[in-house]
Amino acid sequence: EAVIAASAPPAVAGGPRQRRWQPTQRAAAGMRVKGLDFAGARINFVQIGLGTNSTFIQNCAGASHEWDRSIDWLLDVASERRPHAVKGVAVEPVAEHVDTLREPVGWLPGVELVQAAVGERDAWGAEIRVFGPGARDALLRRVSPLKRESLQRDLEYILNMSCVGTTHPQLPKLCWNIAEEYGLRVDVESRQADVWTWSSLSRSCNFRGCEVLLVDTEGYDAQILRSLIRHCRWDPEAWPWLIQFETMGHCDKLEGQGTEWAIIAALEAEGYRLVNYSYHNTHLVLDAALRTEPQLESWVSSWKCRACHRRWALPYISVSDGVYCKRCRCSSPGWRYGGSDRDQHRQGYSWGYEGWRRWSDYG
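2 is the number of the first residue of the sequence shown in this note's numbering; add one for each residue after it.
Since the hints were made in silico from the structure, they are not lab data. Be aware that a few hints might be false.
Now the in silico label distances, taken between C-beta atoms and shown as ranges [what the hints assert, rightly or not]:
1. Glu97 - Asp236: 29 to 35 Å
2. Gly36 - His281: 33 to 39 Å
3. Leu141 - Glu81: 37 to 43 Å
4. Ser145 - Glu269: 49 to 55 Å
5. Glu269 - Ser65: 34 to 40 Å
6. Ser145 - Ser80: 48 to 54 Å
7. Arg292 - Gly184: 55 to 61 Å
8. Ser80 - Trp313: 19 to 25 Å
9. His66 - Leu141: 18 to 24 Å
10. Lys148 - Glu190: 22 to 28 Å
11. Gly184 - Pro110: 44 to 50 Å
12. Ser71 - Leu315: 16 to 22 Å
13. Glu238 - Ala314: 27 to 33 Å
DSS-like, lysine-lysine: derived pairs with alpha carbons at most 25 Å apart [to be verified]:
14. Lys327 - Lys305
15. Lys174 - Lys254
16. Lys174 - Lys148
Owing to the predicted nature of the structure, the values given are computational and were not obtained by experimental measurement. Ideal Cβ placement from N, Cα and C applies to all residues, glycine included.
Just need the whole structure built from these sequences, with the hints factored in.
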């Protein structure tokens, strides 16, 4: 996953104070696979955090089995999705994940692939902790064929837990479970990655905003979105039309309880409207674009409550058994502290006190 650094690189002891790092032309060219220049245009998508997840690149030019319905649904907002014409940027700091996408991105002349992390501050050579595909394959060879499929599923989570400057909050527990069940030790490798702010990313690729922004960075989403906010306050024409980011509590574990709801509130203060909140992904749309872009309006109108079938009853909430408006879900029996009905809890939709309180008080 693309992630961000907690701090800039330290100054050399006894040396002069370091200036804020900016990517040089040579460094930027080395991190961008193609070196595209979008000439200051708004592009169709930006995806930060690729890992082994579904990507816009795979949907537009990958094999048929790589096509993903949720990505296609987000592309409904974009004004262009044809492979020869779509424009976008995909960002990922782990070299193996970038290499996997080099072939399909070659069929997309208007899509740039960037090997870097995105964060609140630019940094050169920040430490990144990675569990790569090579390490996964080595562990799979050490178990019997009967156990390989289940072990591969477990290791797939760890492949997407790369972090800059820290360890993923869930990693120790996952490693312990694998050691107990398979007798294997999972070793995380230390590497280096360069970190760009949103301003550095847009300046390097020379784009001015995007129609769809997808962020999935295992706990660093809020920090990336704060970088976006700072940039767009300086350039109000660069606000994305639609933002999807992960809200599984990872940001709260790294930065403190309430972080994810705080970034939702910060985006709303900048002119966004909350469309849907869930314990998986949350969606916000730019109000100004909602009034001028028919495809964005159509996308929002596709949401409806499972119980009352109302459209435009924003914001909705997504749980294990469907999408609900606030009125229907809050009045549902069993929707109490923690979203505690057994089906929701079993399927990983336990909201906890913070999620329930914020949702109940919303609006």
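Hints, one by one, checked against the model:
1. Glu97 - Asp236: 29 to 35 Å: At roughly 34 Å between Cβ atoms, aspartate 236 and glutamate 97 fall inside 29 to 35 Å, so the hint holds.
2. Gly36 - His281: 33 to 39 Å: holds (35 Å)
3. Leu141 - Glu81: 37 to 43 Å: holds (40 Å)
4. Ser145 - Glu269: 49 to 55 Å: At 52 Å between Cβs, range holds.
5. Glu269 - Ser65: 34 to 40 Å: holds (39 Å)
6. Ser145 - Ser80: 48 to 54 Å: holds (51 Å)
7. Arg292 - Gly184: 55 to 61 Å: holds (59 Å)
8. Ser80 - Trp313: 19 to 25 Å: Between serine 80 and tryptophan 313, where Cβ atoms are some 22 Å apart, the hint holds.
9. His66 - Leu141: 18 to 24 Å: At 20 Å between Cβs, range holds.
10. Lys148 - Glu190: 22 to 28 Å: For glutamate 190 against lysine 148, whose Cβ atoms are near 24 Å apart, the range 22 to 28 Å holds.
11. Gly184 - Pro110: 44 to 50 Å: With a Cβ separation near 48 Å, glycine 184 and proline 110 satisfy 44 to 50 Å, so the hint holds.
12. Ser71 - Leu315: 16 to 22 Å: Holds: the Cβ-Cβ distance is about 20 Å, inside 16 to 22 Å.
13. Glu238 - Ala314: 27 to 33 Å: holds (30 Å)
14. Lys327 - Lys305: holds (11 Å)
15. Lys174 - Lys254: This hinted pair holds, its Cα atoms lying about 14 Å apart.
16. Lys174 - Lys148: holds (20 Å)
Every hint from the earlier list agrees with this structure, and none is contradicted.
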